[in-house]
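**Student:** Whenever a hint applies, use it, and build me the whole structure from the sequences.
Number of protein chains: 2
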Amino acid sequence: MSNTEAVLALLDQNLPAAQARLMDWLRIPSISAQPAHAADCRRAAEWICAELAGMGFTAQLRETAGHPVVVAHHPGPSGATGPHLLFYGHYDVQPPDPLDLWTSPPFEPTLVEGPNGPRVVARGAVDDKGQVVMWLEALRAWHATTGSIPVRCTILVEGEEEIGSPSLDPFLAANAAELKADVAVISDTGMWDINTPALSTRLRGLVYTQINLTCANRDLHSGMYGGLALNPLNLLTRILGGLHDDNGVVQIPGFYEGIVDPSPAQKAEWTALGFNEAQFLGEIGLTRGIGEGNRSALERLWSRPTADLNGVWGGYTGDGSKTVIASQAHAKLSFRLVPGQDPAKVVEGLNAYLTARTPEDAKFEVEVFGASPGIEIPADSPFVQQARAALSEEYGRPAVLIGCGGSIPVVESMRRLLGLDSLLMGFGLTDDQVHSPNEKFDLRCFHQGMRSHARLLGKLAG
Amino acid sequence: MSNTEAVLALLDQNLPAAQARLMDWLRIPSISAQPAHAADCRRAAEWICAELAGMGFTAQLRETAGHPVVVAHHPGPSGATGPHLLFYGHYDVQPPDPLDLWTSPPFEPTLVEGPNGPRVVARGAVDDKGQVVMWLEALRAWHATTGSIPVRCTILVEGEEEIGSPSLDPFLAANAAELKADVAVISDTGMWDINTPALSTRLRGLVYTQINLTCANRDLHSGMYGGLALNPLNLLTRILGGLHDDNGVVQIPGFYEGIVDPSPAQKAEWTALGFNEAQFLGEIGLTRGIGEGNRSALERLWSRPTADLNGVWGGYTGDGSKTVIASQAHAKLSFRLVPGQDPAKVVEGLNAYLTARTPEDAKFEVEVFGASPGIEIPADSPFVQQARAALSEEYGRPAVLIGCGGSIPVVESMRRLLGLDSLLMGFGLTDDQVHSPNEKFDLRCFHQGMRSHARLLGKLAG
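If you're matching them up, the sequences are chains A and B in order. Anchor point for the first sequence: position 400 equals 408 in our numbering, and the numbering is continuous, going up by one each time. Anchor point for the second sequence: position 376 equals 384 in our numbering, and the numbering is continuous, going up by one each time.
Take the hints with a grain of salt, since some may be wrong.
[Claimed, not checked] Pairs of lysine-lysine, BS3-like flavour, derived with a Cα cap of 30 Å:
#1 A:Lys330 <-> B:Lys330
#2 B:Lys330 <-> A:Lys371
#3 A:Lys353 <-> A:Lys275
#4 A:Lys330 <-> B:Lys353
#5 B:Lys275 <-> A:Lys353
#6 A:Lys188 <-> A:Lys467
#7 A:Lys371 <-> A:Lys353
#8 B:Lys353 <-> B:Lys371
#9 B:Lys275 <-> B:Lys467
#10 A:Lys467 <-> A:Lys275
#11 A:Lys330 <-> B:Lys467
#12 A:Lys371 <-> A:Lys330
The hints are simulated quantities; they were obtained by calculation from the structure and are not laboratory data.
**Tutor:** See the structure below:
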């Protein structure tokens with residue numbers, strides 16, 4: 009029996025104990041957004057710190073301006089030649105409100121029978137405590153079986169992911185040398201479906217801006233001035249109404265410059281997923297996708313950039329009528345970026361677009377609240393290959409490389425501040441109710457997730 | 009000496025007493041918007057009621073759902089053959105805030121020397137107590153001189169003009185028979201300048217709408233859905249950004265149908281006014297007028313319709329960023345209408361415009377908060393001719409017929425509910441600070457205004 013086989017057997021045997029440990033952790037209401045739960049956040053950090061110390065890690069709580077970060081190190085077996093892994097996770101959870109929609113108390117984890125067998129219902133079940141416990145149990149089983157961790161490991165578990173990770177970048181920057189590794193492993197994403205494991209290898213980036221447009225030096229009476237005075241709301245809609253042409257192509261100069269299209273093989277893989285666009289849109293009350301008609305729905309979501317207004321406001325917005333021509337108009341406009349696009353160039357293009365369309369009597373200002381690039385983890389990286397192999401062996405079918413239309417800021421931070429690519433190997437399902445009442449994690453996912461992590465560790469140990 | 013000459017001489021002689029009476033009335037803080045001043049509103053109504061009773065009117069306070077209306081009647085001289093006039097005014101005033109910007113207390117009327125001689129500074133000085141007192145003094149002088157009022161008169165002084173006249177339409181409708189007359193006389197507008205008297209013979213109407221646009225059945229994550237899900241803010245700006253073409257022409261179907269252009273003579277009169285567009289726009293921080301380039305500025309303000317967004321909102325409008333694709337977007341869109349346009353057709357055209365531009369996955373709703381037509385008082389009506397003659401004689405130069413870009417709801421109400429045209433003969437100046445701190449009325453305007461009203465009464469008596 010190979011080490012990996014022994015580890016897998018131990019994981020199967022200890023599944024009830026692993027569940028019990030997960031439930032212990034889930035009972036701690038580590039809600040990072042609520043100051044009243046600061047002590048619970050610290051308890052949740054201490055809990056995993058103790059678990060790691062128990063399997064030979066040097067583990068510490070490290071203070072930040074907010075909730076503490078857990079950092080732990082294990083040198084691996086003596087003479088380890090495999091890569092140095094950095095496992096990332098977060099111990100904080102979203103607030104459970106609205107409480108009355110929960111079928112069981114959010115911090116009293118409950119086993120419920122579902123279509124795929126039992127599931128744990130609790131806040132944090134899958135996001136992210138359940139997914140952290142998967143690799144924790146994989147490490148534990150390796151440690152129990154071989155007396156060590158099979159590769160050199162650094163652990164980073166933060167407590168502010170649900171509030172935007174305000175302390176993470178400063179912490180990474182200040183501890184970059186200590187956190188150096190060869191690749192990061194993150195379990196905070198999903199599978200394609202319960203039978204199809206997935207690695208997320210493309211993430212879109214984000215440029216988020218606010219546009220402030222000013223015309224007259226004060227609000228005007230629409231009777232006295234209407235028809236002669238420039239109206240910033242009319243102008244704003246005119247400018248922003250031209251962001252896309254009739255085919256959904258964004259009109260910002262240079263917007264598509266540098267975009268790296270997915271490979272034909274990658275596109276073929278996405279096509280093979282048989283994405284049900286009608287169902288995806290039907291769930292939100294829509295019937296047809298917008299955007300570039302010559303691109304498939306998944307291509308548009310995972311490999312094409314967007315220009316979406318997230319907010320617009322100006323003038324009178326109360327009940328009834330007020331005959332005012334406002335002095336100012338505002339918009340929040342964000343762009344999802346794909347690999348190859350330069351966020352700075354997009355901001356530059358936006359400024360050029362606005363300049364060309366703003367008459368002399370109007371002034372615009374662009375505030376930039378964030379600018380991060382799209383990310384692609386190369387499909388041919390050895391880490392991706394080994395993770396894919398581990399998943400495929402566990403599930404008996406090929407793991408798919410999928411994209412993610414959103415951004416995962418920690419992935420961008422680790423690339424920027426630590427020079428690390430991330431393996432996004434997650435085991436969530438689309439019906440997990442993340443951030444909603446009755447968040448759950450299927451035990452089958454939990455079990456196969458820890459087995460997958462154990463397999464990956466075995467492969468990386470070589 | 010003709011009756012009119014005797015009346016004018018008496019007005020000159022009694023000017024100090026007339027000023028003193030105006031100041032008495034101005035001392036009553038009849039702020040209709042503030043419930044604490046309800047008793048003051050009633051006092052202000054009683055004040056003018058008593059003045060009218062003193063010159064032979066049967067005058068009454070008439071209750072409404074809000075502040076009382078003053079109605080008074082005088083049969084005119086026995087065997088009167090002249091027209092039956094209805095004088096309209098309002099005794100209520102705007103709140104005086106911000107108080108710290110007043111150079112004297114708003115309800116302690118103060119004489120201040122200005123470039124055109126003394127002026128009364130007080131809330132209500134010109135809007136509208138000062139202008140009401142002008143015709144009141146003209147009536148008083150006629151009564152004192154001839155023992156009667158020279159024509160049959162009805163008086164209507166309301167106390168809710170500054171809060172949108174909520175009780176006026178019901179009152180007019182309920183008392184239409186009693187309020188029947190041949191023409192209304194309203195002094196609540198302005199002169200062209202202190203040397204040039206004016207009658208406002210064109211008013212724009214108003215259609216005020218709110219557009220509610222709905223796409224998905226809930227707010228969406230802009231990463232997970234961006235590029236595939238219809239964004240109502242993108243759609244709203246696209247739809248409303250096309251409201252005008254590059255020449256400022258409104259694109260609503262049928263929008264310009266039926267418009268009655270001012271006569272060439274009227275246009276020539278407007279041109280002769282030498283309107284200083286650069287100064288008008290410069291005061292509000294703009295340098296050039298928008299709109300139809302082949303029309304003069306005054307034409308655009310007084311005789312062309314508009315489509316102005318008064319408010320737009322939707323999505324996230326707080327600080328910083330939220331990556332949301334909203335479910336709904338909203339706009340307040342209003343149209344200033346000119347004579348000949350049918351408000352109902354404009355609403356119909358808007359619906360057609362929206363229908364043509366709203367894709368299947370979006371739903372729009374149009375709420376209509378008001379729809380009143382533009383109004384023109386025919387320049388060749390005998391009343392306009394006589395008022396113009398009265399003004400021209402008083403000022404020694406022709407009175408001009410001007411337009412007003414705004415709406416005066418009472419004019420529309422009287423036309424609709426009483427079948428009455430209005431003579432808008434006002435004596436305000438553009439620097440009167442109406443609705444602002446240090447509202448004032450130049451005594452020269454006050455004096456020549458009452459003389460003009462006296463002359464008009466003489467002419468109408470025949």
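**Student:** Could you tell me which of the numbered hints above are not met by this structure, giving the numbers in increasing order?
**Tutor:** 5 and 11
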